[in-house]
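Enquirer: Given chain E, work out where chains A, P and W should sit, using these hints.
Residue numbers (the working numbering), protein chains in the order written: chain E, 1 to 137; chain A, 1 to 137; chain P, 1 to 137; chain W, 1 to 137.
Misleading hints may appear alongside valid ones.
Claimed, not checked - Here are the computed lysine-lysine pairs in the DSSO-like style, where the Cα-Cα straight-line distance is at most 30 angstroms:
| id | chain 1 | residue 1 | chain 2 | residue 2 |
| --- | --- | --- | --- | --- |
| 1 | A | K47 | W | K47 |
| 2 | P | K47 | P | K2 |
| 3 | E | K119 | P | K47 |
As the list claims (entries may be wrong) - If the Cβ cut is set under 8 angstroms, some of the chain A residues that face chain E in the computed set are:
| id | residue |
| --- | --- |
| 4 | A17 |
| 5 | A18 |
| 6 | F23 |
| 7 | A24 |
| 8 | I49 |
| 9 | I55 |
| 10 | P57 |
| 11 | I58 |
| 12 | A59 |
| 13 | H60 |
| 14 | E62 |
In case anyone wonders, no lab produced these hints; they're calculated from the structure. Ideal placement from N, C-alpha and C gives every residue a C-beta, glycine not left out.
Number of protein chains: 4
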Amino acid sequence: MKTYSRTFPILIHHVDAAGIVFFANYFILAHDVYEAFLAEIGHGIPKAIDDGEYIIPIAHCEGDYRRPMRHGEQITANLAVTELRSASFTIRTDLVGPDQVVRATITTRHVCVSSATMKPMALPTALHKALAEYLRA
Amino acid sequence: MKTYSRTFPILIHHVDAAGIVFFANYFILAHDVYEAFLAEIGHGIPKAIDDGEYIIPIAHCEGDYRRPMRHGEQITANLAVTELRSASFTIRTDLVGPDQVVRATITTRHVCVSSATMKPMALPTALHKALAEYLRA
Amino acid sequence: MKTYSRTFPILIHHVDAAGIVFFANYFILAHDVYEAFLAEIGHGIPKAIDDGEYIIPIAHCEGDYRRPMRHGEQITANLAVTELRSASFTIRTDLVGPDQVVRATITTRHVCVSSATMKPMALPTALHKALAEYLRA
Amino acid sequence: MKTYSRTFPILIHHVDAAGIVFFANYFILAHDVYEAFLAEIGHGIPKAIDDGEYIIPIAHCEGDYRRPMRHGEQITANLAVTELRSASFTIRTDLVGPDQVVRATITTRHVCVSSATMKPMALPTALHKALAEYLRA
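Only chain E is shown next, with the shape it has when bound in the complex:
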């Protein structure tokens, strides 16, 4: 099983008036990692949008917040595929602080739909295979 990780700093505008990262920004940070992951496995989002055969919108997502993230902290995102079906998959991203404490877990379920009909369709075989390498049993 492969893993995908990225480390990035919390920047000034990620934080809100309460002095901690705004809850919605966790989804943006996790999605940025997901977008980099797709590019790395050869299935970047821009090409999929341009090709116009399918898109993979998010049907459901969840955020579990355990400890706040603060400005200047180096956060490591550990991404895994936790479910892989014919036409959908689920990504789990743990956001871990420099103290090795999991600050939050972001989960996103993606469904492949035809760009033409917007109805579910099987994931492209190559993408399905690539995702399978990151599947956590």
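Expert: Chains A, P and W only, in chain E's frame:
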């Protein structure tokens, strides 16, 4: 039972490269409604932060996406309290299109914690009472 | 001469780790007012994008920051057209606090270009006429 | 003279309903580079905020947009100090596409102010010296 609703347009920057509202922006749009709701019931976030007695961070949230929202659409957010406990509550926000179709549902669970200790504490009585008026059985 | 104004509150996520509104968010807040202004004068952005004849991208913008804006403040944006040419116009937006002090001024210069060729083209006559009503001598 | 550069991809949420990067996001992208630059030269923003002696807010900024940036493009930001005074400095960031064409130039003028009085004060000597190494004659 009271209800709280607001209608707002989808603006150009809410939409992403796929031509639909970016999934994380649903949380921002819902939270903007929540912040306006708290102000209306007399418990605005700025005063709570300034007073420094408690904050009410989000411990968990979920997004269920049914239909996309597009640039220029007038969206109505219907907010309800769906759970109310001593130290926590859950807000459900349905985002409804001009066609009366629910585009997405955003759920956020808020826990009241002491600013000093960051440990859970009972919601202020007046806030608990105000939230109770919006509790959907 | 007509004027266009809107009042809105500074929300929790407009503010950054320094406790004041992040400088880039002034442009978002001003553009939100601009988008509402265009809708009000009957030339909303969504229709222009959908029609596909022209777009009016920003060629230049400036921000002058005098006093910070803080969470919970009610800000009034006063919008005026300060320059109007055949194919371009300039919008000036003063962001004024509840104390009547101008916190910042955002200026954006917009150029009408053909969607097909991306070359400058004359503003639609009706839009030019509508903007002229807000021109500050 | 030293230069500071970073390359990053345009992500899905940087782009708006017009299919190009939203103008305000250029300021966010440029500021992210600036924040990384300050960290690299040993004067990170988080420590300055925590220390509470001074902050360096932006007093003025400008954006010049020449060509759009699109989803998936690798953009290189070239940062230089273009003016350095006792209590203020100006940063110029050129955003360059993979085709070596400058897409936009973002300029930000920063003024050092005392956290206590909010009045201008001399830049810390070490920061002034560090910035001088990136000063473009």
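Enquirer: Next step is simple, just say for each hint if it's right about the structure.
Expert: Status of the hints after comparison with the structure:
{"no.": "1", "hint": "K47(A) <-> K47(W)", "result": "27 angstroms, holds"}
{"no.": "2", "hint": "K47(P) <-> K2(P)", "result": "24 angstroms, holds"}
{"no.": "3", "hint": "K119(E) <-> K47(P)", "result": "27 angstroms, holds"}
{"no.": "4", "hint": "A17", "result": "6 angstroms, holds"}
{"no.": "5", "hint": "A18", "result": "6 angstroms, holds"}
{"no.": "6", "hint": "F23", "result": "5 angstroms, holds"}
{"no.": "7", "hint": "A24", "result": "4 angstroms, holds"}
{"no.": "8", "hint": "I49", "result": "6 angstroms, holds"}
{"no.": "9", "hint": "I55", "result": "6 angstroms, holds"}
{"no.": "10", "hint": "P57", "result": "7 angstroms, holds"}
{"no.": "11", "hint": "I58", "result": "5 angstroms, holds"}
{"no.": "12", "hint": "A59", "result": "6 angstroms, holds"}
{"no.": "13", "hint": "H60", "result": "6 angstroms, holds"}
{"no.": "14", "hint": "E62", "result": "5 angstroms, holds"}
Consistency with the previously given hints is maintained throughout, with no hint failing.
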